[in-house]
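Given chain A's structure and the hints, the job is docking chain B onto it.
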Amino acid sequence: MITLALRQCAIALLSLSVVPLALSASAAEVNEARALYHYQMFCQGCHTPDGSGNGDIPALKDFMGHFMNTDQGRAFLVRVPGSATSKLDDQELAEVLNWCLAEFAGVSLPVQGYAPYSAAEVSVLRAEPLEEIEQHRAAVLLDIVKQRQQPAL
Amino acid sequence: MMSFLDRLFEQKARGVAQSSSRRGMLKKLGGALAGVAAVPLLPVARADHHGGPAPAKPQEQGSDTDCDYWRYCAIDGFLCSCCGGSANSCPPGTEMSPVTWIGTCHNPADGRNYVISYNDCCGKSSCGACLCQRDEGDRPPYRPDKTNDINWCLGTASATYHCSAAVVVGVAFAE
Numbered sequence: 000m001i002t003l004a005l006r007q008c009a010i011a012l013l014s015l016s017v018v019p020l021a022l023s024a025s026a027a028e029v030n031e032a033r034a035l036y037h038y039q040m041f042c043q044g045c046h047t048p049d050g051s052g053n054g055d056i057p058a059l060k061d062f063m064g065h066f067m068n069t070d071q072g073r074a075f076l077v078r079v080p081g082s083a084t085s086k087l088d089d090q091e092l093a094e095v096l097n098w099c100l101a102e103f104a105g106v107s108l109p110v111q112g113y114a115p116y117s118a119a120e121v122s123v124l125r126a127e128p129l130e131e132i133e134q135h136r137a138a139v140l141l142d143i144v145k146q147r148q149q150p151a152l
Numbered sequence: 000m001m002s003f004l005d006r007l008f009e010q011k012a013r014g015v016a017q018s019s020s021r022r023g024m025l026k027k028l029g030g031a032l033a034g035v036a037a038v039p040l041l042p043v044a045r046a047d048h049h050g051g052p053a054p055a056k057p058q059e060q061g062s063d064t065d066c067d068y069w070r071y072c073a074i075d076g077f078l079c080s081c082c083g084g085s086a087n088s089c090p091p092g093t094e095m096s097p098v099t100w101i102g103t104c105h106n107p108a109d110g111r112n113y114v115i116s117y118n119d120c121c122g123k124s125s126c127g128a129c130l131c132q133r134d135e136g137d138r139p140p141y142r143p144d145k146t147n148d149i150n151w152c153l154g155t156a157s158a159t160y161h162c163s164a165a166v167v168v169g170v171a172f173a174e
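Note that the protein sequences, when read in sequence, are chains A and B.
Residue numbering for the first sequence follows numbering that gives the first Met the number 0, beginning at 0 and increasing consecutively.
Residue numbering for the second sequence follows numbering that gives the first Met the number 0, beginning at 0 and increasing consecutively.
Looking at chain A on its own, in the form it has when it is part of the complex:
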């Protein structure tokens, strides 16, 4: 009995150890001080220090995580001009976006989790900056709402 319990315990511990290693591969790439600095220099002026936005400036706080529910949503956060045309390189932009998601998205993040941005993904997406931003944003959010309303298969 004890042998069986030991075995199960060891398997459980091993399982726990595998998941964090997989997720941390990208998380470890976020340099907190650098990401904060880039947020301050290139985002905070409009989105405000705590990401709550102001008036016509959308809130990141407790909201930006909704966009991680669809591919179009993920693309939106990179293709908005503030991201796509910033002077940050692909790695830095991926880092500050991942930092913002961890710092601000809060309850809006998908319950099933999400994959952090990579420099390669950002590089492809930012090549097509958005022009009709408000309309595109509304369409992306509508798709996310519709997707949530679909019954689980």
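Here are the simulated DSBU-like pairs of lysine-lysine, each with C-alpha atoms no more than 35 Å apart in a straight line: (1) LYS145(B) with LYS86(A); (2) LYS56(B) with LYS123(B); (3) LYS123(B) with LYS145(B); (4) LYS86(A) with LYS56(B).
Incomplete in silico selection of chain A near chain B, CB under 8 Å: (5) ALA32; (6) ARG33; (7) TYR36; (8) GLN39; (9) MET40; (10) PHE41; (11) GLN43; (12) GLY44; (13) CYS45; (14) THR47; (15) ASN53; (16) GLY54; (17) ILE56.
Selected chain B positions facing chain A (Cβ under 8 Å, derived; list incomplete): (18) TRP100; (19) ASP144; (20) GLY169; (21) ALA171.
These aren't lab readings, by the way, just hints derived from the structure by calculation.
For every residue, glycine included, the Cβ atom is placed at its ideal position computed from N, Cα and C.
Quick look at chain B alone, frame taken from chain A:
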């Protein structure tokens, strides 16, 4: 009682010894420890300290009513410190714009670079005192987040510009 416990533990110990190896246990234990070590690296929410640790307080040198005061390296406007406010605050009767343009300035007193937020104070006509234009890092309006040539009274009840404050946001990251 003791002999019963002795027998029980002997049986279980023999059972474990027959069905496992020391090397296997070490391997599993190592995997578990690696997992525990990785947990702090998870991308967990850190919403309880927005903006990171409190910014280091800069050493001060010079007067905030002088245009050559270190924080004003990128300013373009009337100094709020000459208009009834300070480098950090707006004069009475005006509202600080939450939308700002942000740059960095070198503080000669402590040798560090700081992130500075240039917040316009809005709601009254132009102050007219201590006009200061230094423009370090200023960019043309096609980079709107890095230009001081526009009225930054955005998100305020009134868009009427009065003066500019220069608030220290934090220490610049050394790239």
